[in-house]
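Chemist: Sequence:
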Amino acid sequence: FLACKNTLEEPEYVCNNVILEKVDWSYCIINTEYNIWTKCNDSRDSLIMPIKQHIENIQGQIYEEEKDIAYCLIPNSGTKLGSLTPINLPSCFKKNGLKVKFSGDIRTPPRLNEANCGDLFELTQIEISQ
1 FLACKNTLEE PEYVCNNVIL EKVDWSYCII NTEYNIWTKC NDSRDSLIMP
51 IKQHIENIQG QIYEEEKDIA YCLIPNSGTK LGSLTPINLP SCFKKNGLKV
101 KFSGDIRTPP RLNEANCGDL FELTQIEISQ
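With this note's numbering, the residue at position 37 of the sequence shown is 37, and numbering never jumps.
In case anyone wonders, no lab produced these hints; they're calculated from the structure. The structure displayed is predicted, hence computed values, not measured ones. Take every hint as true, because none was put in to throw you off.
In silico DSSO-like cross-links for lysine-lysine, where the CA-CA straight-line distance does not exceed 30 Å:
| id | residue 1 | residue 2 |
| --- | --- | --- |
| 1 | LYS80 | LYS95 |
| 2 | LYS80 | LYS99 |
| 3 | LYS22 | LYS95 |
| 4 | LYS67 | LYS99 |
| 5 | LYS80 | LYS22 |
| 6 | LYS22 | LYS52 |
| 7 | LYS94 | LYS22 |
| 8 | LYS52 | LYS101 |
| 9 | LYS52 | LYS94 |
| 10 | LYS99 | LYS22 |
| 11 | LYS80 | LYS52 |
| 12 | LYS94 | LYS80 |
| 13 | LYS95 | LYS67 |
| 14 | LYS22 | LYS67 |
| 15 | LYS52 | LYS67 |
| 16 | LYS94 | LYS67 |
| 17 | LYS67 | LYS80 |
| 18 | LYS101 | LYS80 |
| 19 | LYS22 | LYS101 |
| 20 | LYS52 | LYS95 |
| 21 | LYS99 | LYS52 |
| 22 | LYS101 | LYS67 |
Restraint ranges, calculated between C-beta atoms of paired labels, are given here:
| id | residue 1 | residue 2 | range |
| --- | --- | --- | --- |
| 23 | PRO90 | GLU33 | 38 to 44 Å |
| 24 | CYS92 | HIS54 | 23 to 29 Å |
| 25 | GLN59 | GLU33 | 40 to 46 Å |
| 26 | GLY78 | TYR34 | 37 to 43 Å |
| 27 | PRO50 | CYS92 | 26 to 32 Å |
| 28 | ASN76 | LEU20 | 17 to 23 Å |
| 29 | ASN31 | LYS99 | 42 to 48 Å |
| 30 | TYR34 | THR108 | 16 to 22 Å |
| 31 | ASN57 | ASN31 | 40 to 46 Å |
| 32 | SER129 | ASN31 | 41 to 47 Å |
| 33 | PRO50 | LYS95 | 27 to 33 Å |
| 34 | ASN16 | GLY78 | 29 to 35 Å |
All residues carry an ideal CB built from backbone N, CA and C; glycine is no exception.
Build the full structure now, drawing on both the sequences and the hints.
Modeler: Structure follows, in structure tokens:
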């Protein structure tokens, strides 16, 4: 018998030199009676949404909610966290089913949360996990 080894292994998925960008969520109220907000016109570039909760080193995976448009972070069971909508997910992590470890801030938006899969979430760290 001759032994054969499958040398066509799937290449490792890698994200190198990832920069987690801050998202400009500077909103100003324009109508206090109806609680209407709009983007500020003063060139601020800061996150003014209050932090609801900071989380560290959570294991989970990426879920593609809508093809090439909306992605969710689904924490592993046992964390008491629901799914999250990352507002600064780097494009190389946009892969359905990718297992990751992440940290960041759950944000409270200035109006009703219209996120796709859960609370708005600003990543401060993300890496591929096993």
